[in-house]
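A.B. asks: With chain A fixed as given, assemble chain B onto it according to the hints.
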Amino acid sequence: MSKNRVSRRQFLNYTLTGVGGFMAAGMLMPMVRFAVDPVLQAAGESDFIPTKQKVAEVTETPTRVDYTFEQQDAWYTSEVTGTAWVYKDEKGEIVALSPVCKHLGCVVDWNTDKSNPDHFYCPCHGGLYTKDGTNVPGTPPAAPLDVYPYTEKDGFLYLGKAEPRKEA
Amino acid sequence: MKWVSQDIEMFLKEKQYVDTAVLPLLPVSFGDDIKQSVAMTEFISLLSVQLERQFRGRLIMLPGFAYLRSAGEDSLLSGLGKWETELKAQGFKHIFLLTSDSMWKSLEDRLEGGLIWLPSLPLEHMDENYRNSILDDQVKQLLNLFVQKWQNGE
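Here the protein sequences line up with chains A and B, keeping their order.
Under UniProt numbering, think of the first position of the first sequence as 1, with each following residue one higher.
Under UniProt numbering, think of the first position of the second sequence as 1, with each following residue one higher.
Just chain A, same shape as in the assembly (with noise of 0.2 Å):
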């Protein structure tokens, strides 16, 4: 006989508190879990979206940079193409400037107005965008064109969700 006889009544002891053990942490678990969830969350491949454009060979003309992501509607999931115009301006920095006029959602394009050279032009209602994206007053648009956050990764040009610009 050894001398840590177990009882009956430290058997059920223990036999209970572990099986009530496992319960109560069955319970607590996905609680925490949905706590935490947040934290835990991968911060992803961040928002920017890779487009086939090197940097290296953005130019001071505006061109025309066709990028698709997929997006999720429920558990839908639909490719979508979306569209920037990129160009270097003096400094050398690039600017991704959004395609979309802000007067009612026309496509614009680059300098295909002959009587405004350089300039964007929305074919709808004839909007007039300086090469910065700023809109020439008199036109119909009230605001400048929509920028794109950039970022650059081996060598490609990534880009983020197109922003309103906040200055003028």
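To be clear, the hints were calculated from the coordinates, so they are not data collected in a lab.
We put the CB at the ideal spot given by N, CA and C, even for glycine.
One thing to keep in mind: the hints can contain errors.
Footprint (simulated), chain A over chain B, 3 or more residues, beta carbon under 8 Å [as the list claims (entries may be wrong)]:
{"id": "1", "segment": "3–17"}
{"id": "2", "segment": "24–30"}
{"id": "3", "segment": "99–108"}
{"id": "4", "segment": "125–134"}
Quick list of simulated restraints, FRET-style, between CB atoms [stated by the list, open to error]:
{"id": "5", "chain 1": "B", "residue 1": "152", "chain 2": "A", "residue 2": "94", "range": "50 to 56 Å"}
{"id": "6", "chain 1": "A", "residue 1": "115", "chain 2": "B", "residue 2": "141", "range": "20 to 26 Å"}
{"id": "7", "chain 1": "A", "residue 1": "60", "chain 2": "B", "residue 2": "38", "range": "16 to 22 Å"}
{"id": "8", "chain 1": "A", "residue 1": "69", "chain 2": "B", "residue 2": "90", "range": "35 to 41 Å"}
{"id": "9", "chain 1": "A", "residue 1": "156", "chain 2": "B", "residue 2": "136", "range": "32 to 38 Å"}
{"id": "10", "chain 1": "B", "residue 1": "66", "chain 2": "A", "residue 2": "33", "range": "46 to 52 Å"}
{"id": "11", "chain 1": "B", "residue 1": "7", "chain 2": "A", "residue 2": "156", "range": "33 to 39 Å"}
C.D. replies: Then chain B, alone, in the frame of chain A:
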């Protein structure tokens, strides 16, 4: 603007800027030409989405005129005529009919709205990127056509 509540809100507010209505003509049939009508309907639907994105501020993209190909020419023409009369009465200066069905091409002179006929492309065999770039090209061609009509109308 699309035929959805959100866009119609904008339409009601900015009515003076919207002077163009686009009506896609979508054929339906269950005979031997079922595949062909599906391809045409599909192509025109996809194209109208892109077109709307390009010109959303000036045109309203109507939900589409679906018709049976087996119906007679005269009944189709009178059905479409009612649309055109209504749109004109609502003050749309430019009405565009978008179609792949060559039947309409032969009836063009009996239509009031500007008919835009594009041969449908076999989009079902293309992967998505290629398809989008093809549609983009088509829309670019239409862009000039629209701008021209707008300029002539002013």
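A.B. asks: Please name the hints from earlier in the document that this structure breaks, with their numbers sorted from lowest to highest.
C.D. replies: The structure conflicts with hints 2, 3, 5, 7, 9, although it agrees with all the remaining ones.
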